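Two chains, two separate frames, one set of hints: put the complex together.
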Amino acid sequence: MNNKTIEITVAGDATKGAPVPSKTKTRKIVICAGTGCVANGSLDVFREFEKVLEERGFRTLVGEATKEKDPGNGDGIRTDPDSNIRLSKSGCQGFCQMGPLVTIYPEEILYTKVVPGDVEEIVKETLESGRIVQRLLYVDPVSSRSCTGHHEIPFYQRQHRFVLKLCGEIDPESLQDYRNRDGYSRAEQAWLRMTPEDVCNEIEQANLRGRGGGGFPTGKKWHLARIEASTKKYVICNGDEGDPGAFMDRSIMEGNPHSVIEGIMIAARAIGANEAYVYVRLEYPLAVARIRKAVADAEEEGILGDGIFGTKESLTVHVMEGAGAFVCGEETALIASIEGKRGMPRPKPPFPSESGLWGKPTVINNVETLATVPLIIDMGATKFRRLGTHGSPGTKTFALSGHVANTGLIEVPFGITLREIIYDIGGGVTGANGKIDPNGFKAVQIGGPSGACLTAEHLDLKLDFDSIKEAGAMIGSGGLVVMNTSTCMVAIARYFMQFTQNESCGKCVLCREGTKQMLGLLDDIIEGRATLQTIELLEELASAVRIGSLCSLGKTAPNPVLSTLRQFRNEYEAHVIQKRCPAGECRALSKPVIDPAKCVGCTACARKCPVNAIHGERKQPHTIDPEICIGCGVCIETCKFNAIGRN
Amino acid sequence: MAQVTIDGRTVTLENESNVLEVARKSGIDIPTFCYHSELSVYGACRLCLVDIEGRGIVPSCSTPPADGMVIRTNTEEIRKIRRMVLELLLANHDQSCPTCPKSSACKLRELARRLGVEEVRFPSTHIPVEVDTSTAALVRDPNKCILCGDCVRMCSEVQGIGAIDLAYRGDRVSIQPAFGKKLSDVECVYCGQCARVCPTGALRPKSEIDQVWAAIHDSEKRVVAQIAPAVRVAIGESFGLPAGSINTGQIVAACKAMGFDRVYDTCFAADLTVVEESEEFLRRAESGGVLPQFTSCCPAWVKFCEQYFPDLIPNLSSCRSPQQMFGSIAKSRLTGDLSCDRENLVVVSIMPCTAKKFEKTRPEFVQNGLPDVDYVLTTQELAQMVEEYGIRFSALKPESLDLPLGFKTGAGVLFGNSGGVTEAVLRYVAGKTGSVDTAAAVSTIRSDDGFREAEVSIGDKKLKIAIVHGLAAARRVAEDVRSGNCGYDFIEVMACPGGCIGGAGQPVTFDRETRRMRAEGIYEADKMLQLHASGENPYIRRLYDDYLGTPGSETAHALLHTHYRSRKRIDGEVISLITSGAGRRIDVSVCMGTSCLVRGSQRLLQEMVSYVEERGLEDVVNIELTFCLERCHNGPNIVVDKNIIEGCTFEKARIAIEDALGSTVGVADMAER
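Residue numbers (this note's numbering), protein chains in the order written: chain A, 1 to 647; chain B, 1 to 673.
Looking at chain B on its own, in the form it has when it is part of the complex (with noise of 0.2 Å):
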């Protein structure tokens, strides 16, 4: 067997595939800012440097163990590079720390006090530059950046985005959305997973805390919250209780001692979910709708659809997710209980989610100026909320959520975990037509890979079902629905890791086992209550009763169902390439959306602005890229002085700056100038 030493210990080798991992798991934690075991490694931070026999001072994570290795973890030599280390970062850090949001949580901070730097030798050479704080989602501090790269790993390694990149070299470097715009007008889907892994505060989520506060505060309004699944087993590591504990009767508890009128469960909303989603999964199945149809829960997944697969829309569930059903139905029908006008009743989601502090602002979700869900704050912000208070969390008694929306069935609570909304499912047409035989399927669907098949039986009915995780596995799933060889009827697609449990409001964690412990706490909860489908929930039938009428009803659809839309990847002022000066000009732009790309129009654009400079035309054409006309089926589409011409050839696009310049003046004479 191999092995080998470790600061004199033995340590025997299974498969590990770095020298990192085999001293974390003979208990030494060696300091790291840019390794983690999802990402690829990436060798930047030089922290986690050892001491090899014959080989002398290399990083760990690039280096693979070997039989007979000899490994010395801390030598002289290394703490002191590794304090020189920290002492560099922080002469390039704001060091505002006290104010930093993400202080407890601070990697950097925290080695820096793990390692003994109480000094920085070195005079500061941080230059502030301005924090984007442009979406309504996520703030991103370059101030507190340190370049480790880890967001940028993740965005496109995991999610397969890629919004933010290195740019610049030497001491300019710096991570950035494309052409240094703003992250609301790229293509980030506000999943958040770069604001997870990011050590420092320099991407994390935006706090919406002191409007809650505000709303509190004011005796006008009625506060309501709704609570996700996946918040009851997490909130509690902020308050050293391990993962996966159940808090949801502490939630109630806190959140009604700080002054909410109604504490309800979004599970609730997961159930009605459950009902109106399955529904219109048998509705498409019987009547040869569009299938595969893919779930709708998560809005970073929409806006990711949206964005890259416009075409496959259609497949998209219709069901609003179940913060935005719960923020409908809580803003139409609570009001008589709460005894207040729509405007005063304020909705605020408790949410594992960064990206659903962006979906409440979505215009589908507003009506009349008023949004169905006012704020969206994350686990982290709830929890702050009750340190600021002053509650001691941990010694609460639970308390029982508000009736009606606060009653759910387990099937409702497996929305947290990956996989859940498919189990959610299968238990509700189980339940309606008897005929599902879901128990094989259950532990694919409930193990942890980030993409899985499961095939289950409706009656004599094979049913394919994908589930995925991660964008970059939905990317891979999508594309085989569009090139229409894959099969699947139903396809659950989750943005972060794990599904909501992973999500990037929850307390920071970079330890893959409080995932699974979290996980383990949602189907723990399932087991606790007395319900298990969302067609049981006595609530949910009263719901329709009273008010909807059937699932699929016209006002379920007006108050449960949404629409969506093509969407560009970039926004924002066009990026100029060749600016003429005053006077007459003519207007070029090329479409440099992927649908245009794809169909060659970079190769359009070189042949264009060759053609510009060799005529000496650069002073009356002026050339710009643009990001979508929103006719990509007949893509390269460019735009000549405001007409747009579609399928265009550098041939077609010629003749247009011709014909647009013979308006102004003679070709001839341009070329001669």
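Just chain A, with the same shape it has in the complex (with noise of 0.2 Å):
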């Protein structure tokens, strides 16, 4: 076959080393390589792609900087002048559990579930026929409809892709690319143009608030750590991302690593620092090694180092690993594992901004945050507050989990209800049996492990900081679990409570010790030993460890067991006075129960019964004695009529 070209390229775009101008449309094959993506095999997919195309005759144009074995030549993508396909990887874009995913530009068509055995019939279609290949898009489960594409898609339809915008768009690895979308002239115009104290000012004006739990206002935080007087000040980016289903930061690390390098950039010319530590967790080792390569390649370009731009400043900025301690998000013991000791809180005060990193003035900021920052001095304070509410301006981005139609990472402006969330970009709750139950809908954990539940009546709260903290819960890094009826909250409390008790750092009293006991409580009422006693003195405990911890995870640790039980305390009580879990979850308090309209006599069930549990006449409805059965369940999975359920 010889060199085809496709109509739709449009020329002019692929001179080479020219900029691409941002709007052009190029013939495009973007594959996602988002660590959910990569672990779903994208990484196979984009080879096989380059095999395809190659075999069917196709000049792909592949930036060696998306090629795996060498991640050494830098910024973008070689373009040759006559070649027609560029092939490239992006971020994450969010929609993990569909992935890998596929889009082909310029018609921004989305396959997604894509496999190797996939792709000859993408370009033998697709490509070369210009037909779309319906078996590969994303069906809306509610609408049983196909999407050709993101802006058909209600996953995407309703978000406001702002900070995670160039995520998926321009590829991570690439310098060039970022810099073709206007990447590092905020920073510029930072550094030139204003006086740090201008910055501060436009940070603080759009009220831009902290990503990473507390929405501490930015431009405050600045202020404090620029009017100390030190000639030695930091700029830490906390990319310790711990909660357990959260990928925000590590998104946008993956994705958009410039961004953040840039927001930093911003941050250290704000207070007037000129050393930056982007701390990273040690889980993340894609995210370590794109905003490596990016400063690295922000070196090499001169954007970092000495001189910036053409001034007598230096920045430097290193990547450090974490060693795996969730606590390490807490900004004190970042600090600390920074220093080389063992991370654990301290008191405040001293805040960071007065006596941080080695004692010195120091901005920790999170990713996400920083990753902001750009945008805002491109757009003004102004423009960027018309973005979400008067209190919480701007986007935030959510980890959407759990009995939800759609699952993966979403970024909404602040102002949303978690109505809009849950049933028009999740899609709806999932029953227990995984098919969309519109009734099913029980609560929704907000903020992580630290965070709390909200209900039924919060379902049309406008999402913001504060309305949130009203609630009774927190924003916090951005975890979004929704749970449907079959969920125990007993059970939802004590898996919360497991997580923060063996991330505590164990220094203080209340966290290290009252966590355990707290865990010890709720396994106690789940299991059948409590009594209304139990849950007064979890509620004084919980009480106690929320008031007097020493660090935010200590605080925050009882949140789980405080919301569930103001919210949900019938089964809390349901479990210690009637020993039964309304929601049937809990193993140890329900028992099998024969149907007998289904039970046909076979006595299989008895004959499995470890204790002896079960009686009846061969070819009559058995019964299970509740005071003998252990409620292992294998009469369950013995029976072959489905007549024996759980209470």
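Hints should not be assumed to be uniformly reliable.
[Unchecked claim] In silico EDC-like pairs for lysine to aspartate or glutamate, Cα to Cα no more than 16 Å straight-line: (1) B:80 to A:539; (2) B:256 to B:387; (3) A:341 to B:165; (4) A:341 to B:387.
Keep in mind the hints are simulated off the structure, nothing from the lab.
As the structure is a prediction and not an experimental result, all values here were calculated from the model.
Printed below as a string of structure tokens:
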């Protein structure tokens, strides 16, 4: 087959060395290489595309940077003048559940769950014949409609991808790609055309609030560090995202690492720092690699290092890996960890802005916060504040998971309601059978293991830092776990308590011993050993831990317990008074029962029962003696007639 | 003037660094485990919570006071949380309180009582672990640890060592020596300051009471005691007497009542130390010997110096400590008096110190298997024996110390305080040369700072002196000496804050004022004696005339001086990094001792580990860490199959490994595997 040209290719976009205008329509194949898609085999899909395109005579422009084996040759894609197709990897696009994701530009056709075996068909059908491969399109489970691209998928339609915009569009390993999208122009503006005070003011006027959990005003934080008289100051980017199921920061670091570095540069300008650390958790190897490469490329290009933008100032950025401790996401513990000490929080004051890393004034911001900064400098505080709510301008990324049809990473403006997130973006609540259940919603855990449960009464609450706090929860790092009616809230509280208990640094008594005892009390409730006094003691202990702990890990650890006690006290009471789990989830409390209408008296269950608790005549419905039954459930598995369930 | 309101009363601020200090000043003793004014603020025990208007409940230890603050120390909520904290701690405690040696002085027990904790509503989560009795000086019992971290901060911040630290996370947190080794295998110098601040019995002096009772009850044995200077001004605290009251006569009476044959004074030996150490100093000064001269009476400091400053060993005075001089003289001179042989003479030291328990076991102080000092009792242990016997200490009639080893001058008593050795030496030198003007220096020498400098003139010579207590301060001075630009002639070092009066064997106190009162007691005791300079002690003179000859004589050297050795920081088994399988293996040890570490052994190790991993040699090459091959000046050092390679580089190491590999299998073959 001879070389073919695809009609849609727009000429002039591929001149060697020239920057590609950002809005050019180019024939391009983008394969998601976020951690979720990589785990589902997207790199194999990428290689298969390379192979098939070559076999079928396409001239592919594969950026050296995107080749796995050789990440060395930096920025961007080789753009030979007569080539036709650019093959590129992107950062996480958020819809991990449907990965690997392949997008074909300029039509913006999104293929989901692509495996290497699909590649030849995509090339033949879509690239060569301009036809869509229907079976690879996403089907909306609500409307059963096939969606050809992001724009048609409800999961994306209701989002506002602002900080995440470039993740999924640019090659994260290409500095040139980032520069083509105005990258580093905002840092340049801050360094050359703004004073440090201007920068702080702009961020303060934008009312940017820390995305790491607390929602502290970033501009105020910067001002505090700026006014400290010290010749040495530090900026730290906190990428120690440790909440289970949360991967907002990882996606930004993997998908658009330069935006984080640009944010750091602006923060450094604002406070007068010449050294910065990016602290990334060890469990994010791809994020570590991409941030490292981005720093190296920026140094190579003279963006970082000495003489920033022609000034006499310098900025050195170090990338440091955490060692797996959740508590190192707490700022003072993180600082101790960088200093080579045991990662343990210390009492505040003094705050890091006054005495932080190595005792010097330090600003510590979360990844998402820093990635938002260049966008604010770009659009200005006034325009930024039009996004979101008055008290919480801008957007927030959430990791949506649990019993919803669509799970993944989403970005929405503050002020959106939970209902919109769960039903429009998430596509609705799924029931125990995995199908959409319109009445299935029970609760949503917001803010990770330190967060709290919100219920149906909060579905129309406009989400922002303050409204959530009023509802007794917190935005936290942005985990959203949707739970359906088959979920036991006591078991959920226990699950999160187990996590915080394991991750307590062990320094302060209330967190170390208190979470352990709370876990024990929850076990007592779940396993039928508790009384009403247990609940009272649990409540008293939870409140002591919340008020008295040293750091926010401890202070927020009881949140899941306190909020479920508040919203679902009847469930707790059912466990201790009636020794019954209303959701039927707690094994020790729910015992198998035989439905006499379905039982045919085959005796199979009676023969398998390890404690001989099942009695009955042959060919007559059997019964289980609850006094003898130990609740193991062997009978349920044995029954071929679906006649045994749990009470 | 800045003021705060505490529980409705106005309190004026006077530069207190935190609300807790302000509250204490105002007469409210806010409970705490982890706050010590001499240590950094830690904020872990959560007992010192207070309610500050506008801020809510915050820990008072880490909150700086501010003008106008309205503070409440006891609200319903705070009281509940404090009780909860104690319940939680008790639920994870072995609660063997009646048999715990710390029982009567235990802060956990005291606070549980004070705060009205009458019930622990939680099930016990305590999991018993092994008690570390590996050292002669201290017992480490993690079953009683409440993880307040006081010991850790004391060891690293005040003593500059860090022999113990927190390990693991969550409910598995524990305080341990490095690599989970025993205390005897790490760099602990046995000063026991960790035990001094430990609120419970988790770290405590190791008792020798039973051995002493056994000796007393053994009719073959003649048991003699020596009383260290700091003991007499502190033991009264155990019996309700004020700190600093001088109870020498009561100690003698109690010991005699309990069955000691003779009771002598370590101050006698301190006088002897002054003579020997001053003469050594004068000799060094006159003959151009190694200066500055470091004192050597503190065994914790001596071990510290051996571990971290082996190059300064020549600066250490060769004099034995007073305890060991006493032991040596007693064992050689008293057998006649007491008509027994050396085997049956039992010397018991009564000391404010835990390190003395270790010192007596040093091989230099053991002759033919018989130690010069058999047992060391701390002040606490002596008080315990008195209680066990049933003696009413405060009602005792004072009795006199026995002669000749019970006679001392005021200079010998001064050894109990930091600065005391210096003052005693100056008195001796003044007495001898008649040309020393010490008056001006005395106020500096007697101050309480951790680091003091003084200058005195001997004739036309100026003498520059440094006095330090706390080993972190000692480390700074030793580093100055090492760098060669400090110009000191004489440096006194005491490991414990305040000197021996602040020793870990003294009655338990968390109050700084107690230490000051003990120090005053020492100066008072000096004043009350007829003689004040060691050279005037007639029994010392007689000892020289009859037996020792002159100071520094051959006999004096044999009995009163010693030698030191460079010491590893970490003993015991090596730490394996890469462990190869069975069959032919190459053993590689990389030294991680201080000296090799600063010469780059860690980087070398990393390169070697990556080399072994890259070449896939894990099955054949064992890599281990070791601590000191005693070739420190040529580091970094490694051992490859028993051959020490000094001044090792990665290249040298690689060649050595490949040579060793070559002798078994071809390197190329190995790499292919």
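Is the Cα-Cα distance between residue 80 of chain B and residue 539 of chain A 16 Å or less?
Holds, at about 12 Å.
Is the hinted pair residue 341 of chain A and residue 387 of chain B satisfied, with a Cα-Cα distance of at most 16 Å?
Roughly 45 Å separates the two Cα atoms, so the pair is violated.
Does the alpha-carbon distance linking residue 341 of chain A and residue 165 of chain B stay inside the 16 Å limit?
At roughly 11 Å apart (the allowed maximum being 16 Å), residue 165 of chain B and residue 341 of chain A satisfy the hint.
Would the hint linking residue 256 of chain B and residue 387 of chain B be met if the CA-CA limit is 16 Å?
At roughly 14 Å apart (the allowed maximum being 16 Å), residue 387 of chain B and residue 256 of chain B satisfy the hint.
Taken one by one, the earlier hints fail for this structure only at number 4.
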